[in-house]
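Sequence order for the protein chains is A and B. Its first residue numbered 1, the first sequence is counted upward by one per residue in my numbering. Its first residue numbered 1, the second sequence is counted upward by one per residue in my numbering.
In silico SDA-like links for lysine to any residue, alpha-carbon gap of 25 angstroms or less:
#1 Lys55/A x Ala91/A
#2 Lys55/A x Arg404/B
#3 Lys55/A x Ser408/B
#4 Lys55/A x Glu396/B
#5 Lys428/B x Glu174/A
#6 Lys428/B x Arg211/A
#7 Lys428/B x Arg212/A
#8 Lys55/A x Ser407/B
#9 Lys428/B x Ser452/B
No lab work stands behind these hints: they were computed from the structure.
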Amino acid sequence: MPTCLVDNMTPHVGRAAVSALEAAGCQIDVPEGQTCCGQPAMNVGMVDEARRMAKRTIEVFSGSDDTVVVPSGSCAEMITHHYPRLFAGTADEEAANQLAGRTRELTRFLVTDLDAPLRAKSDGAVAYQHSCHGLRGLGLAECADRLLEGAVRVEYDGTECCGFGGLFSVAMPEVSAAIMDARLDRLEESGADVLAGGDVSCLMHLEGGLRRRGSAIEVRHIAELLTPDEDG
Amino acid sequence: MSQPVTFVDRAGRLLGTPEAAAVDRATRHMTAARDAAIEELSWSGDLRDRVRRIRLHSLANLDRLIARFADRLEEAGGSVHFAADAAEANEIVAGILDRAGARRVVKGKSMLSEEIGLNEHLEAAGLEVTETDLGEYIAQLAGDTPSHIIAPVLHMTRQDVGRVFAERLGVPYTDEPAELNAIARAALRDVFLDADAGITGVNFAVADSGSVVVVTNEGNGRFSSTAPRVHIALMGLERIVPDWPSASLVLESLARSATGQRLSVYTNVITGPRRADDPDGPEEVHVVIVDNGRTAVLSGDTAEILACIRCGACLNVCPVFRTVGGHGYGSVYSGPVGAVLTPSLEGLGPWSDLPYASTLCGACEEVCPVGIRIPSMLLELRRMAAEQGHLPEWIEGGVRTYARAASSPGRFRRARRLARLVSGPFSKDGWIRRLPGRGSGWTRHRDLRRPSRVSFAEWWRSRGA
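Turn these sequences into a full structure, and let the hints guide you.
Next up, the structure:
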């Protein structure tokens, strides 16, 4: 499952994830008809809209029992934590639980499920920004650390929120940007050449801020570091 | 009608100010202290589980525990009063003071007294009220409001405090903390000795013994509750624990989470008024148990927030609180706990934006000594806000439009192509520099990636798997 952002905004991240999974020996299918898991509506509190999008996602993946791998901590958390609650007591409860049970965030799948012989490689020093939902919701810290074992890491506290927050970034843009700016100050002080992360949403926010500063720090989804770049 | 002042308005005035910088510094300092005090405890996870069970058990048995507490306190010679709302609480306190002929009142720290507006009420009745917690005292002198549950003037620098003291107390300016302390101490000493009554908050009430526990680091709570003839303790009705083994765990948890101490400097246990063989203590002890919306919260979806022990740790780790400060929230209770508690107690009507003043990063839940699921409750409040029609039209309409597009892959694809097309004139190298309308909130501070020409799904299909 590429997620709506990767599908429409950063397809190169999806391609990198495909390469990583194939290198790990996986057979991949991308079911037709995917749009969005519903997280944006959930985040706003519009539960009916979220449920509609969730239902559609459940249906799209109902054709098999394969593991659903998601290159995003927050979308994976939406499915594993929120779907069961959204459909509790409804006819779709079982299907929601079933999908939640076989959904994995990409780094979790590669490290914990597959113990895949993959490492993130980078020519420059890497700072890693966790996504809060991946970090606190799914406990992914050790997965990223494992994959980054061979890379040069700078001292940067990637557990602090970057200030994106979904709707928050447009509903309270000045506060969101102030949080981001403090993070980017720390990032620039850290001497990092590359900012890596596991969620394109946080990364897009931070990359947008870095570009506005004219910073030379490159932003990469961790999947891109796991595979040779496939620009095109 | 004028537009209501929102979190965004208040935050806009605070961002980038010395006040916000002071908050960031102080909260990071407090978080480091808290982390060290929790990490040194090998059984901190166990402590958290036990404190959570104690607090949830207490909430589930409030009626019984409060009744037992009231019986025990009355046996010890104290009086118990129940107030349904703020007005009733204020009248009860004013009545006690009036009957005791009290005119000068000293106060220990009490967020509940802020919640019910007690000072204003008593001052309007002609009473002289002096805050004696150093932070509250500074706030009172400055005509400011507390911005943090346990560190009321966390938003001020010592230079700020020096200026307030010089201006209001007529002392020479100094920003040396020790000298500032000495000035406050000297000024407050006489106030304490002249006071007819003392009012304090309550950290916990212990049902089994009829005791109230008041924790401070300055000794002002002890002074306020022992020197004057009358002691009035104000407590929210949820502030109860069953017994002393429970209380000791909660106290340990509170001190470590709040200030990084193993135990607060002064832990005052007050069980009724002075007894015949006591060397000191008040002649009267009154405990005012205040509902003010709490019973209604107990039966709702955010009941768990009443398990809070008011340590303030969630404020200190919150990226929004750190960046804006407590005054951004506009409510007595600020930060993540305030964003849940305030709309729960007072309704979403005036406070529907507070649940949105969060990135939902979850640092609050992670640090909470009671494991309160604050992000889940913020989402729950967002759901209620949306249902009750509190969402701004552009957000509600935007999400509706997005959801409609997402209901069919064809529509979603067309939406991407349209977005790509219209963003063309604003874009350079695949990034959008400036957006009109609400999108400008994003592009004022950051570039936005332009939708890609070929989607991942299209690439996958073309790969001919």
